[in-house]
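Protein chains: 4
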Amino acid sequence: MADVTTKIRTGILGASGYTGAELLRLLLRHPAVEIGALTAERQAGKPMGEVFPHLGRLGLPDLVKIEDVSWDKLDLVFCALPHGTTQEIVAGLPRNLRVVDLSADFRLTEPEEYKTWYGHEHRAQDLQKEVAYGLTELNRQGVRKARVVANPGCYPTSALLPLMPLLLDNLIEPGGIIIDAKSGVSGAGRDAKQANLFTEVSEGFNAYGVGHHRHMPEIEQELRLAAGRPVTVSFTPHLVPMNRGMLATIYVKMADGVTADDLRAALTARYEGEAFVGVTPAGVVPATRHVRGSNHCLIGVVPDRTPRGAILVSVIDNLVKGASGQAVQNMNVMLGLGETTGIDGVAMFP
Amino acid sequence: MADVTTKIRTGILGASGYTGAELLRLLLRHPAVEIGALTAERQAGKPMGEVFPHLGRLGLPDLVKIEDVSWDKLDLVFCALPHGTTQEIVAGLPRNLRVVDLSADFRLTEPEEYKTWYGHEHRAQDLQKEVAYGLTELNRQGVRKARVVANPGCYPTSALLPLMPLLLDNLIEPGGIIIDAKSGVSGAGRDAKQANLFTEVSEGFNAYGVGHHRHMPEIEQELRLAAGRPVTVSFTPHLVPMNRGMLATIYVKMADGVTADDLRAALTARYEGEAFVGVTPAGVVPATRHVRGSNHCLIGVVPDRTPRGAILVSVIDNLVKGASGQAVQNMNVMLGLGETTGIDGVAMFP
Amino acid sequence: MADVTTKIRTGILGASGYTGAELLRLLLRHPAVEIGALTAERQAGKPMGEVFPHLGRLGLPDLVKIEDVSWDKLDLVFCALPHGTTQEIVAGLPRNLRVVDLSADFRLTEPEEYKTWYGHEHRAQDLQKEVAYGLTELNRQGVRKARVVANPGCYPTSALLPLMPLLLDNLIEPGGIIIDAKSGVSGAGRDAKQANLFTEVSEGFNAYGVGHHRHMPEIEQELRLAAGRPVTVSFTPHLVPMNRGMLATIYVKMADGVTADDLRAALTARYEGEAFVGVTPAGVVPATRHVRGSNHCLIGVVPDRTPRGAILVSVIDNLVKGASGQAVQNMNVMLGLGETTGIDGVAMFP
Amino acid sequence: MADVTTKIRTGILGASGYTGAELLRLLLRHPAVEIGALTAERQAGKPMGEVFPHLGRLGLPDLVKIEDVSWDKLDLVFCALPHGTTQEIVAGLPRNLRVVDLSADFRLTEPEEYKTWYGHEHRAQDLQKEVAYGLTELNRQGVRKARVVANPGCYPTSALLPLMPLLLDNLIEPGGIIIDAKSGVSGAGRDAKQANLFTEVSEGFNAYGVGHHRHMPEIEQELRLAAGRPVTVSFTPHLVPMNRGMLATIYVKMADGVTADDLRAALTARYEGEAFVGVTPAGVVPATRHVRGSNHCLIGVVPDRTPRGAILVSVIDNLVKGASGQAVQNMNVMLGLGETTGIDGVAMFP
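Residue numbers (full-length UniProt numbering), protein chains in the order written: chain A, 1 to 350; chain B, 1 to 350; chain C, 1 to 350; chain D, 1 to 350.
So that you can see chain A by itself, here it is in the shape it has in the complex (with noise of 0.2 Å):
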C-alpha cells in the first residue's frame, strides 16, 4: 500500500471548514498522499484560494458539490461534513471506499443515545458495524481493521487520553469525575455567528452549553468501556480568547491507597513509545501553547489538597488531534502507512 509511485488519492468532503483547512494543510506535505477531490456544496465551482486564500496557488482540485465527486478516483475520503448530515451521504458511498469521519454521527454506537442527543433517529445505524472509534493510541487494531473510522471530538480525546488508562487499571473511581474544559475558539466553526464574533470573544472568557453539551454522551460512552460500568461525568466547556488549542482540567478521586505519582507512572507506562501522547514530569503542567499546530496531547498530573484527589491536565490543538491530524493519524493506520507521515511537526511557538 505504501508505494511510492502510487500515491493514495484522497478526498475531502466539506473542505470549506476550519478542519477541512487544516486537514489540507497536513496533507499537503504528506508524501504519500494525493488530494482527488474537495467538496463544498455552497461554494462548489469555487477554487480553494478563494474560499482559504492561503490555500491558493497549490494546484489543488476546485471545489465540487458531493454529487460531482468521480468516487472511483478515490482510494480514501475524509468527512468533515456538520453532524447529522453525515450519516447518509456516508451510507451513499462505494463500498469500497474507506472513510475518516470527523463529525459525530457514527461516534455514538447506541441508537438511543444518538436519538435522545440528536434529536432523530439515526439513519445509517446498520453501518455502525463497520465502524471503529478512532482513539488512535487506545483502539489501534480497530481503526487498522475499520472501513468508516469515527474520529473522535476534541473534548473526548482531551479527555480520554488520560482517563482511559486510569480507569481500565483501576486507579481511580469511576464516579465523581469532573472534566472542567477550555476551548479555542475555532471549535466553533466558520459559519457567521455573533456570538462568536472578535468583538465578543476577545478580551473575555464564559463558559457554554453547561450541562447539556454533545461531547457528554461520547465521553460517557468509552469511560462506560473502560470502568466496566456506567460512568456519568461532570463537563463544563469554557471559551477561551485564542484560536487554536484546548485544555481540560480533569478532577479525579483516587483508589485507596494510590498517589498521583501512581497515577503519572501509569500514564507514562501506557503511552511510552506513543509519538504523540507525553506525560510531563513531576511538578510540570503543560499548557496549549506546548502543542499549538502539532498533533501532541500532554498529560500532566498533580496531588490536590482534598482526600485521595488527583488532579490531571492534559492538552491538545484542538483542530490537529482534537480533529484533522488524528484523522491523518487514523488514516495511516488504516492504510499501513507510517502512523506520523505527514503530522510529525512539533509546535508552532509564540
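By construction, these hints were calculated from the structure, which means they are not laboratory data.
Misleading hints may appear alongside valid ones.
What the hints assert, rightly or not - Calculated pairs, DSSO-like style, for lysine-lysine (alpha carbon to alpha carbon, straight line, at most 27 Å):
| # | chain 1 | residue 1 | chain 2 | residue 2 |
| --- | --- | --- | --- | --- |
| 1 | B | Lys65 | D | Lys193 |
| 2 | D | Lys193 | B | Lys193 |
| 3 | A | Lys253 | A | Lys65 |
| 4 | B | Lys193 | D | Lys145 |
| 5 | B | Lys193 | D | Lys65 |
| 6 | C | Lys193 | A | Lys46 |
| 7 | D | Lys129 | D | Lys145 |
Based on these hints, arrange chains B, C and D on the given structure of chain A.
This is chains B, C and D only, laid out in the frame that chain A set:
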C-alpha cells in the same frame, strides 16, 4: 464626614502598579475624594504621566517615597504594595489614619497560617485586632468599624461571594468543593517577567500554581467561618489571554433534598438589594465581558448531571471587584459615604 | 436647560448596536440625562438585558420599534442607525426634537458627493441647512446652534483633529497627505459576518477598503474647508486585532521653513484648554491604550527624514471620541451643559 | 552535497530565543539536516525542553556555551545572537564553516553606516568580502557562493521584495517612498521587558522607533543599489497585538505614464516561478493570516487616488520569511539543496 465642601484626602502607597492605576481611574470620578499623595519607591520623583501616560495631564501629585509622605494631610490610605512588605509599613502609619490594604498581609487571621504560606513570622500581628476582612457584602458592619480593612484577593472574592451564603444556609456540603478559576493577566502585575510576555501568553491557556496558590488559605479561612468547621477546597487557577476578568467554575455537592433552584433562590434572596452582586436567571451563565471594568459580580447556578451536583459560575473584573473597586467600596463604607459612589459604572463592552 | 431638577430626556434609535450600548454606558453616568426610549427594529419587545447582558438590571426601558416611540416625551435623540436609513427617519421626527446623528447620512454637504459614494439621491437634502458637522473642538459654535448634529466618523475624527489646524495655519501643504489608519474591530459593528469572526481576525492584520472607504470624502470635505481649495488624500484603513482603538499615522509635507516643532507648537496652542485633545511632548508618540474607553484624542508630532516631511500620530477610542463619546460631547454643547459632563473618565488600562 | 546518507550537520548559536526555536521547528522537518549543537550562554547546561517545553522529547543536544562547541563536527551554523556580539564570534569561527547570520552585524556594507547606527566601529570588517546579503530571490547567485550570508531583517524583507524590482525597472520614483510597517510582537524577542508584557500590548496599537529604527539604513542601502543613487525613505514601524506577522503598506509615486497594473505585471513577471513570493490579483490585498507560519511573501498592488500614487501591500511571517525561514532557504541555496526543502509548509489558519 460626607461634607461636600471638605473632601476626603486619600493617598495611594504603591501607585505604579496596575491596582494603583486602577484606584486612580476610579477615585478620579469620585466626587468626595481628593488625591493627596502617590508613592512608588523606584519611580519616586517622576510625574504620574511618565509611569502611566493615560494618567498624565490630570494635576495628580508626583510620585514620592513612602518616607516623604505628609501623613497629617491624609485621611485614608490605600496600600497597593507587595505582599510581605506591607505589614511593617502599615504598622508604622499614624494611628488615626484609616487603611485599605490590597495586599495579602492582613487577610489571614491565624499567625501560624500566615507563617506556613508566607515563610516568615508576621511582623505586625498585634494590628490584626483592628482589621476587618473586606468582602463588603458579607462583612459590612466589620468594615464600617475597622481602622484597617484587609481587601480580599481576587480569587477569594470570586469564590466566596457564591459559596458563603450557601454554606451559611447549609445548602451545600463543606466537603468536596472544587474551584476551577480563570484569570486575566493583569492579576500578575506589571513586573517584567518572561512568563507574562505577550508572546508567551497570547493564543494560549494554562494552569498555574496548581495545588499551592496563596489564595487557597484565604478562601478556606472564610469558608470555615461560614461552615463552622474546617473546609478543604480544591483550587486551581488558570491564565486566560485577556487583560482583565476572572471566572470561577465551582463544583459543589448539595445537601439532601436541595436543588439548584434552591441555591439560586438563596443567593438571589441574600443579594437582593445589593448594588454590585447579581444572580443570573435559570439557564443563563454569566461571562467576564458582562463585568469588564465594573465593580459587579454576577453569579449563575446550573444543576450538574452527577448526583446532588451543582455548578456555580461567578465572574468579576479582577482589578475592580477583585481589587481596586472593592477597595473603594470599602472606603465608602468606612467613611459613611454612599457605597456605590465613584464605582457605579457599568461594564465596558466590547 | 441645565436645571438639575428636570433631567434631559433622551432616546437612542438603534440601541442594539455597539455605539448604542456605548451611548448607554456614558449616559448612565451623566447626571443631567435620563433615558426615555430605546429602539431596535428586530429586537423590539426585548428588555435591554437580553440584547446586552451588561445593561440588564438597570431599569432601562425595553426596546421598541421607532414607530412606537412617544416623541413628545423626549428632548433629544441619538441616531445610531445604519447609513442610508437614517435620513428619512430624521426627516420624520418632530421639528422641536434635537438630534445627534451617528450615521454618515448628514455628514456630506454636497448632494452630488453623497450620491457618488452612497449610490442614491439623498432623501432629506433640505434638512442639511439645520445640520452642523460635529467635530466639537473645531465647530463648537455650529454645534451649539444646530438642531441636527452630524457626528463625525471615527477615521475623520482621528485625521481631522491633527490636520485641520495645520492646514488653517498654512503650516503644511494640502497636497500629498497620506493617512495610514488602523482601527479596532468594533468599528465593524455587531452584525454576524464571517470576516469579523474571532478566528478570522485574531493573530492577524490586514488592510481593507483600500482606495474606496466611505470616510474618505468626509475627510476631504473638511480639509477642503481648512485649505480653501480641493484636497485629495491617500487614505488606507487597516484592521487591528483589538476591540477598541484607532491610530492614524499621517504623513505630511511642511511648508517652507516650517519644522516639526512648529507643528507641535501650533497644535499645542490650538488645543490649549481643550479637555479632550492633548499633544504629547517631543519624543513621545501616543498609543491607543492611553485613550481606551475615554473621550480623549492624543496627538504626537515627529520629524521625518525625508525633505520637509513630518509624521503626525493621533489616537482615539473609535467608540468614544470616534462615536458615542463625541455624540455626548455634542449633546452637552447643544444643551448648554458642561462639555465634559458624563464623559470625563480616564482611560481603562490595562 | 545532497547525499541522503550523510546529513548536513548544523549548529544554532543562540538557540534560546524565538528565532532559534523557529529554526528548530523548521530544521526538524528538513530531511537533509541534523542538529549538531545548540548554544545559549546563560542557559548552558540545560536540556532544550527546559527552555522551550515544546522542543523537549526530541533527542536534541543540550544547550552549551559557544566556547564548548566542537566546530569540526559542523558544516554550517546559524547565528541567532544579539546585534553587536555576533561579529567577533563569526570572526572566530573556523574558516571552512559556512554561516547564516540572522543578526544585523553583516548587513550594512559601509563601515561608516554601521558606526552611525550602532555606535561603535565594526570589529570584523574584513569578513565583509565573504558576505552576501541574503534576500534570496534577489541575490541567489551571491548567496550560493558566499561563506557568510547576512540574513535580512524582517522589515527590510517585507519592504524590499516589493520595491526592488520596481526601482530596477524604473517604474517608480526613488524619492518619497513611505513605508508604514506593522509587526507582531515576536520581533521584540524573548527578553523580559515591561513594554512587551501581555497587559501592555494586548488590546492596543502603537508606533515605535519612529524616525530612528535600525532597519532603515538596511532598507536604504539595498534600494540605493536598485535605484543607482541614494534613496531616503520614510519608515515607521508599529506594534500589532499578535504573535507573528508583518504587513508593510508602502506608498510610492509611479514614473510618468506608469499604472498600478504595470507595477503588478512587473512584480508578477519578476516573481514568476518563485515558490515563496506571490502577487495577488487586482482587487485583492494580502493579509498576514495568509502567510502565518509559512515562508511566503504575498504582495498586492492598489492604485491610489493621489496623482501617480500607488500602494503596495506586502505580508510575511516575521519569524519565517522575515528570519528563520529565509535563513533555511539561504542554507538550502548555499548547499545546493532543493530551495524549498523543509520550508514548504502552507500557512496555519486559523
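To see whether the hints hold, each was checked on the structure:
1. B:Lys65 <-> D:Lys193: Status holds; Cα separation ~24 Å.
2. D:Lys193 <-> B:Lys193: holds, 7 Å
3. A:Lys253 <-> A:Lys65: Answer violated: A:Lys253 to A:Lys65 is near 50 Å, above 27 Å.
4. B:Lys193 <-> D:Lys145: Cα-Cα ~43 Å, so violated.
5. B:Lys193 <-> D:Lys65: Given that 27 Å is the threshold and the Cα spacing comes to 24 Å, the pair holds.
6. C:Lys193 <-> A:Lys46: Holds, at roughly 20 Å.
7. D:Lys129 <-> D:Lys145: holds, 11 Å
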